[in-house]
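Asker: Okay, here's what each chain looks like letter by letter:
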Amino acid sequence: MSAWVSSGFSGFLPQDPVLKKRDDFEDVLEERRNSSDLRYALRCYTPALYKGLVPCKASMLKSIVLQSDSLQYVVGQVSAECGESREAVQEEAALLLEEMAHRLQLGTIRFFAFTLSKAFKALFRGVCVNEEGIQRLQQAIQEHPVVLLPSHRSYMDFLMMSYILYTYDLALPVIAAGMDFISMKFVGEMLRMSGAFFIRRSFGGDKLYWAVFSEYVKTMLRNGYAPIEFFLEGTRSRTGKSLTPKTGLLNIVMEPFFKGEVFDVNLVPVSISYERILEESLYARELLGVPKPKESTSGLLKARRILSEDYGSMHVYFGHPVSIRSLAQGHISRSQHNLLPRHIPQKPTADTQAFVNDTAFRLVRLQEENMVLKPWVLLATLLLQNPDGMDLSTLTEQADWLRRLALAFGAFLDWPDHEPCSKVISSSLALHKNLVCVSGGRVRLVVEELPGAESATEEAGFNRAVSVLSCASYRNQILHLFVRPALIAVAMQTANCSRKDEVFNCFNFLRNVFSNEFILCPGAAVQDFEEACYLLGKCGAVQELQQDLVMSQSGQTTLAFLCSVLDPFLQGYQVVCRYLCEELEENLLENKFVPAVRSFTLQLILSGSLKCYEALSSDLQKNALAALIRLKAVRRVKAGDQVTLKVNKIAVNSLEDTLGKTNVQHINIYLYSSLLNNK
Amino acid sequence: MTARDLTTSHPPSRRRAPLTRALKRGSGMASDGHICERRRAAERRLRVISGHLHQRAQDGHAAVSAQECKAEASRANPAKAAPVPKRRHDIMKWNGWGYSDSRFLFNKKGQAEFTGKRYRLSGLILPSLKDWFEGTFGANLQHKSPATPALNVSAVPPPNLNESFVEELKAAGVALSQEPEDRVFRSHGHCLHEIFALREGRISRVPDLVVWPSCHNDVVKIVELACKHNVCLIPYGGGTSVSSALECPPEETRSIVSLDTSQMNRILWIDEKNLTAHVEAGIIGQDLERQLNESGYCTGHEPDSMEFSSLGGWVATRASGMKKNIYGNIEDLVVHIKMVTPRGVIEKSCQGPRMSTGPDIHHFIMGSEGTLGVVTEVTMKIRPVPEYQKYGSIVFPNFQQGVACLREVAKQRCAPASIRLMDNEQFQFGHALKPQVSSIFTSFLDGLKKFYITKFKGFDPHHLCVATLLFEGDREKVLQHEKQVYDIAAKFGGLAAGEDNGQRGYMLTFVIAYLRDLGMDYYVIGESFETSVPWDRVLDLCRNVKERIVRECKERGVQFPPLSTCRVTQTYDAGACVYFYFAFNYRGLSDPIHVYENVEHAAREEILANGGSLSHHHGVGKLRKEWMKEAVSTVGLGMLKSVKEYVDPSNIFGNRNLL
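Chains A and B supply the protein sequences, listed in that same order.
Per our numbering, residue 1 is the first one in the first sequence, and the count goes up by one each step.
Per our numbering, residue 1 is the first one in the second sequence, and the count goes up by one each step.
If you are wondering where the hints come from, they were derived from the structure by calculation, not from laboratory data.
In this text, all values refer to a predicted model and were calculated from it rather than measured experimentally.
Check the hints yourself; a few may be wrong.
The list that follows gives simulated cross-link-like pairs (lysine-lysine, DSSO-like), each with its CA atoms no further than 27 Å apart [stated by the list, open to error]:
#, chain 1, residue 1, chain 2, residue 2
1, B, Lys483, B, Lys449
2, B, Lys323, B, Lys390
3, A, Lys57, B, Lys455
4, B, Lys483, A, Lys57
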């Protein structure tokens with residue numbers, strides 16, 4: 001639990017989140033609605049570039065990469081290892097680079113500028129961008145190489161990023177994209193020409209691929225070729241929650257700084273939030289096991305119909321550039337690279353890896369903090385806690401209460417100030433009419449009715465789950481705000497006394513269990529606890545006494561609310577544990593785990609013993625498994641190509657108990673605490 | 001500015017006698033019957049340099065009297081070739097760099113000029129310096145920050161004398177002084193904070209006594225007495241240290257004695273068969289070269305500080321000379337060293353050119369920075385004075401190309417005596433020092449050159465940079481060598497840019513320290529520091545350190561962007577020496593020295609993080625001590641400490657440098 005205080009981040013020492021200063025937004029579509037898109041697409045584009053930029057063409061870039069010392073070194077190594085000639089390996093490297101490299105062309109960008117203007121105007125009421133963030137970015141681009149780190153909720157994200165940068169006359173980014181797009185013949189090439197470069201999803205042991213890839217990225221970074229953009233989360237989050245960050249690319253872009261090849265690198269977290277996500281029900285189905293459709297051009301064309309729907313507005317917030325140099329100050333000794341030629345690839349040291357990992361988490365949290373929340377997010381939160389629906393008046397009343405709580409916790413809430421609460425709510429409900437309906441003064445989730453079928457069939461359960469999970473993907477957007485106080489709320493309920501250290505132990509235990517589920521920075525348990533205590537104290541829910549943490553008289557509602565925020569996750573994890581204890585035959589193949597848990601869960605739901613549809617989410621199930629593996633309650637055993645799961649039933653069982661009981665046996669917590677410590 | 005000082009001293013009188021004889025002989029005065037090798041050598045030399053006979057005779061006279069080691073009277077003889085006077089402050093600034101008669105100033109017309117008669121620039125007007133100065137620093141001639149005019153003697157703490165030590169010293173006939181001026185002069189080197197404090201009239205701990213040994217035996221006596229009476233000795237040579245090496249440790253409670261080696265300045269013999277010279281270590285660089293030149297020889301060791309720094313100082317700090325490509329650095333030049341330590345005298349038993357006799361004991365001495373003893377006599381390699389010298393310069397479109405060219409030159413091992421690459425800022429700085437041109441034709445030519453380079457060749461005046469060259473040797477080889485270097489340069493886009501630019505580049509290094517004094521008159525403070533670094537990291541290190549300086553200044557509230565500039569100043573097979581200049585306008589800062597020190601500290605951290613060394617030739621002193629462990633590892637530091645522990649267990653040489 002080392003303190004990790006750095007000039008790069010604020011907000012980790014208990015401070016009033018309401019005081020957090022955020023920029024104002026400007027709608028970039030407004031001008032588009034009033035002037036010619038064509039002229040806009042053809043206008044003079046003269047971005048300010050990096051001061052150290054050595055201008056070079058995409059083809060030149062490739063040859064720099066292929067001739068680089070580091071790639072040459074690996075080519076030599078690979079050729080010696082596999083007995084192929086150097087030329088053959090070099091040729092292979094050239095092919096890999098060809099497959100990977102972008103071919104950014106202004107013409108394509110102009111084409112997109114034109115077509116996307118049309119599309120965005122059809123889809124969105126507005127695309128709001130914080131202009132001050134743009135100004136900071138413009139400054140940053142000129143000073144140091146910049147890495148753009150947007151959140152990832154939709155395919156729209158990277159088109160939107162390039163579109164905005166073009167609009168503001170900023171340098172166009174090159175974007176790391178998954179290989180999936182390449183199969184979309186025409187579109188893949190279009191994206192390549194608009195700055196995307198493509199990486200294979202997995203290339204674990206392929207030394208040559210790694211060398212080509214990392215040298216390509218580093219070369220672009222070092223000579224300030226263009227801002228480099230990638231998604232820390234690695235893939236689109238289907239749940240609306242941020243995903244545990246991947247550190248591979250972050251490692252690569254930090255290396256030139258560690259090795260002194262650049263003075264500094266600016267990391268710019270970008271938070272992109274949608275009032276309504278285009279892939280909304282698609283995601284829910286995916287989470288329930290309907291595989292995601294393979295990206296194809298025809299699929300994209302079919303998706304045209306979405307153009308006729310209203311997706312509300314979206315917000316793009318460019319955060320403060322985070323200087324790697326300031327972050328690394330006191331954490332990384334760059335002189336560790338003094339004794340080895342810098343072109344020889346080196347595994348990052350444990351220190352470096354820990355630093356990169358910490359940084360990744362902090363950056364994702366910065367993304368979360370600047371994510372704009374719409375009133376609908378609050379409504380979704382309340383509706384999910386009342387699965388049988390709510391009276392509109394109750395909903396209105398509670399939404400107002402929740403709004404105040406959220407604001408007190410520092411929410412970046414886009415709640416129209418001058419409109420009455422009821423109006424705000426009714427227009428939110430209207431926008432999401434595919435998810436909720438109002439009839440007879442009651443608001444409830446829309447569930448696709450099956451003609452003439454009973455409500456207890458698998459299909460009916462499945463349909464309801466789609467609705468719940470869709471709704472949950474909005475509620476999840478606000479979880480980052482509540483998760484730490486909620487963990488305390490549950491911990492207070494679980495610990496059988498109010499002593500602060502007991503509560504902390506419970507909190508820490510739960511935090512560990514859920515650290516695959518939420519963005520909880522490694523090693524920051526104490527800070528998280530203090531921050532959450534501060535928030536709870538501030539909103540009057542708890543009182544901090546000398547040794548104790550006690551619920552205040554008026555705190556009941558808040559704490560109960562917070563507990564129920566976590567409830568689906570507590571239940572979901574218990575279900576997974578139960579499955580592993582009760583149902584599991586000796587050896588379960590890892591790839592059979594999700595379908596098996598899903599059908600187990602569905603049976604529980606259909607039998608009426610489980611009400612929590614969210615337990616059906618494959619995301620939750622996978623996170624639960626990852627947690628169990630991390631806690632060493634489950635072991636992965638590799639045999640050939642297959643991975644089987646070995647379950648320590650005693651451990652899993654006791655974890656389930658711990659999660660399930662309000663009055664927890666201390667022994668369990670200590671058991672797990674010691675388990676964690678042994679890790 | 002390179003080597004800083006240290007001391008000298010010499011042991012056996014065994015050697016002194018023949019030596020004096022040799023000199024006598026050399027002077028052509030004596031015809032005594034001692035036939036020895038040295039004498040014959042001296043005779044040969046005499047024939048070669050008969051033109052200097054008259055002068056040699058005077059030298060000879062001095063040498064004869066020096067047979068008596070304590071020949072004070074003769075030493076005071078004004079006819080002797082300008083030795084450093086004991087009262088250095090009579091001819092040198094007490095609170096700034098160099099000779100009192102030489103300084104930059106802005107005259108009534110606002111033009112910069114350099115006073116005195118000693119230098120090529122002396123008496124000249126520098127028309128562009130003012131604009132450069134005001135433009136670069138945001139300084140203004142109206143805003144002056146003058147120095148305290150004279151030393152306030154009453155501010156100097158009274159000496160803490162060890163009476164019995166002083167008594168015995170007097171009895172032994174060693175010259176000494178407790179005058180405040182003498183003590184203050186030897187209480188500092190030339191770090192910015194030291195000079196800044198003097199200019200403000202602030203005096204901290206100063207030596208309690210100054211002693212002037214006049215030969216090795218004097219030093220032996222002094223060290224013996226110091227051990228006996230437990231006083232702290234701080235050897236003092238040229239006083240050009242820039243590592244806080246001469247600062248008296250404030251925590252020192254014993255009497256501090258500054259051991260000034262300046263009177264031990266004789267060339268004791270020259271051996272023409274082996275091309276070596278045996279010299280007392282107090283001799284100042286320019287005197288050594290001048291005297292050797294008179295015999296047709298030189299050492300070729302020319303650190304930028306050679307006007308003032310001493311041989312002993314070079315040895316004690318591992319100095320490096322501008323022309324090391326031909327002559328080598330001090331460690332390559334030294335054949336034999338004699339040093340007086342509290343344990344006794346350390347020296348090797350022969351003058352073999354290389355030995356495998358365990359770790360080279362010279363390397364305990366070189367770089368010991370006055371912590372182990374006093375270097376008294378050194379045998380150095382000498383070379384015949386080169387027949388021909390030629391300056392040169394090359395313009396490159398940018399710094400990267402320039403570094404690539406230097407790297408190639410080093411790879412082909414064809415570096416001229418000196419090759420230096422200045423970055424764009426330093427190139428402009430050098431330009432600002434152009435003296436007023438008398439003829440319209442010259443300025444027209446300059447204009448034409450500028451037009452050719454910037455317009456015709458397309459060099460961006462804000463990126464181009466210049467390499468300065470110095471070739472030495474016989475004429476034919478120099479010209480051949482020159483062609484080879486220019487051919488390599490052409491491959492990296494370099495254009496030959498004339499001898500003048502080259503020569504001015506070298507001049508810059510001699511006057512830069514004078515310029516700092518000018519800056520300090522107008523709220524501008526600055527300093528230089530250096531490092532050595534592998535070739536592949538040169539560019540990264542230069543860029544990062546310069547940028548770090550700019551950033552740190554900004555963060556610390558410096559109102560104007562600083563001057564942050566560098567040059568690659570030496571090339572080696574495996575890397576280069578890089579030299580930084582850093583200066584800023586401190587108006588509006590309450591504690592400019594503190595800001596300055598923080599920035600320099602950060603810059604050094606940056607150097608180390610980028611694979612640079614702690615020092616190439618300035619040494620560690622007390623200024624860079626904190627990084628020693630990191631630089632040489634714990635074991636390495638322990639080794640050095642155990643040497644100190646053995647050689648000087650009572651810390652008589654208590655300047656607390658290095659360890």
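Asker: Is it true that the CA of lysine 323 of chain B sits at most 27 Å from the CA of lysine 390 of chain B?
Answerer: 13 Å, holds
Asker: Run the distance test for lysine 483 of chain B versus lysine 449 of chain B: straight-line Cα separation, threshold 27 Å.
Answerer: Holds. Lysine 483 of chain B to lysine 449 of chain B sits at ~21 Å (cutoff 27 Å).
Asker: Quickly compare the C-alpha distance for lysine 483 of chain B and lysine 57 of chain A to 27 Å and report which way the hint goes.
Answerer: 36 Å, violated
Asker: Is it true that the CA of lysine 57 of chain A sits at most 27 Å from the CA of lysine 455 of chain B?
Answerer: 26 Å, holds
Taken one by one, the earlier hints fail for this structure only at number 4.
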